[in-house]
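Asker: Single-letter residue listing:
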Amino acid sequence: DAGITQSPRYKITETGRQVTLMCHQTWSHSYMFWYRQDLGHGLRLIYYSAAADITDKGEVPDGYVVSRSKTENFPLTLESATRSQTSVYFCASTNGGFATEAFFGQGTRLTVV
Amino acid sequence: DAKTTQPTSMDCAEGRAANLPCNHSTISGNEYVYWYRQIHSQGPQYIIHGLKNNETNEMASLIITEDRKSSTLILPHATLRDTAVYYCIVRVLSVVGRGGATNKLIFGTGTLLAVQP
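In order, the protein sequence lines correspond to chains A and B.
Those letters in the first sequence? Residues 1 to 113, per my numbering, in order.
Those letters in the second sequence? Residues 1001 to 1117, per my numbering, in order.
Mixed in with the good hints, there may be bad ones.
Unchecked claim - Under the rule of at most 30 angstroms between Cα atoms (straight-line distance), these lysine-lysine pairs were calculated in the DSS-like manner:
#1 B:K1052 x B:K1069
#2 B:K1052 x B:K1003
#3 B:K1069 x A:K70
#4 A:K70 x A:K57
#5 A:K70 x B:K1052
#6 A:K70 x A:K11
Keep in mind that the hints were calculated from the coordinates and are not lab data.
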């Protein structure tokens, strides 16, 4: 199916574990983004990517690693999960340019215990 | 980065127009204003965007002041399903990686619109 999908939808992990959240889009969009959303807050940008092999930090990158070896995939890795990283994570993609809309995935709810 | 300021919450009666204001006084000349909304637990949904002219689509209208320092999103006939958090965003241009350019969506805290029956 066309669109942007995130997996898993729900994840519980232990402090100190490495965990990877997946994001896949079928439109061949150039730009992809990762956001986190905490209770009572808006979305905060973690990392973004302008194209394959081009990534850059957003507002809250500490503790996260991203890669973009293929245009359609943009995985987000928590190298050593902490409780403060408990959040809902959203991935988005857009074709770029100033006048294009971004499409968001359905989110991954991550709990670090 | 250009910042936006929105009221924390607003109420609107069902069937009436909902007018959501947004201030973006530091917006640059080539930065677009975007509006998204987020219904509980879902990913944000695009509504509309504009540069300096007023815009209208099947969901809403966007009114941007002549000095571009503020804008208003108008939902002409609000329904209960329009209850959501509405985000006003200024699309920011930045240089990334090997000299390429990209633009980021930086979200503020948004306005919780509660449509009342």
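Asker: Determine for every hint whether it applies to the structure shown.
Answerer: Consistency of the hints with the structure:
1. Proximity of K1052 (chain B) to K1069 (chain B) is assessed by CA-CA distance (about 10 angstroms); at most 30 angstroms being required, the pair is judged to hold.
2. Proximity of K1052 (chain B) to K1003 (chain B) is assessed by CA-CA distance (about 17 angstroms); at most 30 angstroms being required, the pair is judged to hold.
3. Using a Cα cut-off of 30 angstroms, the hinted pair K1069 (chain B) and K70 (chain A) is violated, with the two alpha carbons roughly 39 angstroms apart.
4. For the proposed pair K70 (chain A) and K57 (chain A), the alpha carbon gap of about 18 angstroms is at most 30 angstroms, so the pair holds.
5. In summary, the hint linking K70 (chain A) to K1052 (chain B) is not supported, as the alpha carbons are separated by about 36 angstroms, beyond the 30 angstroms threshold.
6. A threshold of 30 angstroms between alpha carbons decides the hint, and for K70 (chain A) with K11 (chain A) the separation of about 24 angstroms falls inside it, so the pair holds.
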